[in-house]
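The whole structure should be built from the sequences, with the hints applied where relevant.
Each chain is listed here by its residues.
Protein chains: 2
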Amino acid sequence: MNNSELLALFKEKAVQIDAVMEADLAIVESPLLAQIIRHAIFQGGKRIRPLLTLLAASLVGTPPEDTPRLAISFEYLHAASLLHDDVIDHATLRRGAKTANTLWGMEPVILAGDYLHAHAMALASEVGGPTAMSLIGRATAAMVESEFMQMHNATEMLISEEKYFQVLMGKTAALIAAACEAGIGHNQGSPAQRIALRTYGTNLGLAFQIVDDLLDYLGDPAKTGKVVGNDFQEGKMTLPLIKTLAKAEAPDRERLIALLKGTPQERSRELPHAQAIIEKYQGFSLAREQAEALIQEALAGLTIFGEAPAKTPLAGLAHYVLSRDK
Amino acid sequence: MNNSELLALFKEKAVQIDAVMEADLAIVESPLLAQIIRHAIFQGGKRIRPLLTLLAASLVGTPPEDTPRLAISFEYLHAASLLHDDVIDHATLRRGAKTANTLWGMEPVILAGDYLHAHAMALASEVGGPTAMSLIGRATAAMVESEFMQMHNATEMLISEEKYFQVLMGKTAALIAAACEAGIGHNQGSPAQRIALRTYGTNLGLAFQIVDDLLDYLGDPAKTGKVVGNDFQEGKMTLPLIKTLAKAEAPDRERLIALLKGTPQERSRELPHAQAIIEKYQGFSLAREQAEALIQEALAGLTIFGEAPAKTPLAGLAHYVLSRDK
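Just so you know, the sequences run in chain order A and B.
The UniProt record's numbering applies: residue 1 is where the first sequence begins, and numbers increase by one.
The UniProt record's numbering applies: residue 1 is where the second sequence begins, and numbers increase by one.
By construction, these hints were calculated from the structure, which means they are not laboratory data.
Quick reminder that beta carbons are idealized off the backbone N, C-alpha and C, glycines included.
Watch out, some of these pointers could steer you wrong.
SDA-like cross-link-like pairs, simulated, lysine to any residue; straight-line CA separation at most 25 Å [claimed, not checked]:
hint : chain 1 : residue 1 : chain 2 : residue 2
1    : B       : Lys-163   : A       : Pro-31
2    : A       : Lys-171   : B       : Leu-25
3    : B       : Lys-98    : A       : His-152
4    : A       : Lys-98    : B       : Glu-107
5    : A       : Lys-236   : B       : Trp-104
6    : A       : Lys-98    : B       : Ile-88
7    : A       : Lys-163   : B       : Pro-31
8    : A       : Lys-261   : A       : Val-228
9    : B       : Lys-163   : A       : Trp-104
10   : A       : Lys-171   : B       : Glu-29
Which chain B residues stay away from chain A? Per the calculated CB distances, all over 10 Å, these [what the hints assert, rightly or not]:
hint : residue
11   : Glu-5
12   : Lys-261
13   : Arg-269
14   : Thr-303
15   : Ala-310
Here is the structure:
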């Protein structure tokens, strides 16, 4: 399966997932609520979480017919958390479009997030039973706990690599791992198979986020739709910076710390300088190597599934995470 | 069972419910998250929802040992929705204390609401299975839909009694009814028993909210902890006003409408005048009569439970709703 065949398969699955969400969301009554939810869901998004549930379920046999309905609950949870995140961050743009809170104000958007969140959990319970619910319960708790850890970290300026990974676990990896494990669980996979795919999902999620951090510094705005250096401007400690601070000699280290203590304007002006320091200490390539090592871990999680055909797209997705440029 | 015996029983159950929540909340890791959740839960509250789950379960036999854990999920859902409501309304005071959003800002409070919401649903699923989850799914959807209905109604000034009751159904009655029905369901009650207690809960919830509306106009601030006439000042259409507008002669009706179109300052100044008009057309006593009729409906829902001892406190609670002064 080459890269374009893989992307064609993902596209096909995404269309299927969208159709299931489209049909499911007919239950929303209030026109404004429906509008906000549709904006949150159909304004882009790669459908990675439901795709993983579907592929995971296929790893252990033909999935039950209702698997797509379990799968979409993970997209809903993701969309609900983005709605609230954008309110909390006062974000104005996401995926190149105005955020829901910019269009409709924070009041209805908080409520729409609540609706989607509750609906996702009710749906997961209905289709996936206690297995799915306990996975989702743990993942959503981890998501919120990690946001609090991040808030707490924001008060200390220099965070360790360990804390960075703790935050990442909750922020991205927990829900992705749950989406994977729920697929296996829904198709009666064994505990060993569940653990294996949780390993795949966790490492995939961590690598995904590191690549995001790298794209923030090195991406092409025409492709990512985002300004370069946004994380640095916000003073956000991501892996390239953490790796650099751990290695840099005193003058460079102090220069970076002075910038992190400065204003966003200074950081924006001094971005090329910061990038040069990170480059000098291989901060980008070290982060990249770590993402690659995590992807190797993810692939190792697929080993026990022998010759299952769904292994190919899951392995492909892992490689795609490293090669993506948007 | 006289009133003071009843209140003593409720108090005893509330202490038990609080102890179960106290033990359960030990799982929260972040200190700030734990602090916000504890503030949301232990800063007062009558524990009506979990009390109803416990009493409902007792109606059909000795409840399973884990019933209190199912019961607290309804208190959590209620607390989660109050956290988000206070953010949305920029409320500064609740139950005489500063709101969480006043103390910690909206960011962590939105997240704490999400945590509590997800935890409640995971807990309900774990203890109450698909029955509890489908009840909660429906109730939470109804809660959000009714908030959107209310936002929509706010654009039309005069709302009908029908719309008022539609909003109330979602705002208060849906979760109370679900708490009742979940108790019956958890103790293997029959479908007829579930419907009967849903009838009880729905009507109790509606009556409870009407009494709230009456206390807003007629309550003693020393007891309610709230300013008199707050709803009118905000231009909120509650039952006494709706009943009055439906009956009033042209000059009185026009006077009220002019005030509703005016500023909060004018409404505050003219509150005694508005109260006199409502009094003139029996707006308060008509609302009161409706609350009494709803309580009769609620009590009728208890009929099929024969001589079950838990009927007494449930009937007592219904009467208490009418007699409460805070």
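Given hint Trp-104/A paired with Lys-163/B - CA-CA distance at most 25 Å: holds, 23 Å
Holds or violated: Lys-261/A with Val-228/A, Cα cutoff 25 Å? Since the Cα atoms of Lys-261/A and Val-228/A sit roughly 20 Å apart, the hinted pair holds (cutoff 25 Å).
Restraint check for Lys-98/A with Ile-88/B, where alpha carbons must lie at most 25 Å apart: holds, 21 Å
If you draw a straight line from the CA of Lys-163/B to the CA of Pro-31/A, is it 25 Å or shorter? Answer holds: Lys-163/B to Pro-31/A is near 16 Å, not above 25 Å.
Are all C-beta atoms of chain A more than 10 Å from that of Arg-269/B? It holds; Arg-269/B is separated from chain A by about 28 Å at its closest Cβ, greater than 10 Å.
Are the Cα atoms of Lys-171/A and Glu-29/B separated by 25 Å or less? holds, 15 Å
Is the Cβ of Glu-5/B more than 10 Å away from each Cβ in chain A? holds, 38 Å
Check whether the Cα positions of Lys-98/B and His-152/A lie no farther apart than 25 Å. Holds, at about 23 Å.
Reported absence of Ala-310/B from the contact zone with chain A (all CB gaps over 10 Å): Non-interface label on Ala-310/B holds, nearest chain A Cβ at 28 Å vs cutoff 10 Å.
Assertion that Lys-261/B lies outside the chain A interface [Cβ separation over 10 Å]: Holds: least Cβ distance 22 Å, greater than 10 Å.
Hinted pair, alpha-carbon criterion (25 Å max): Lys-98/A, Glu-107/B. Please report holds or violated. Holds, at about 20 Å.
Does Lys-163/A pair with Pro-31/B here, judged by a C-alpha cut-off of 25 Å? holds, 16 Å
In this structure, none of the earlier numbered hints is contradicted; all agree with it.
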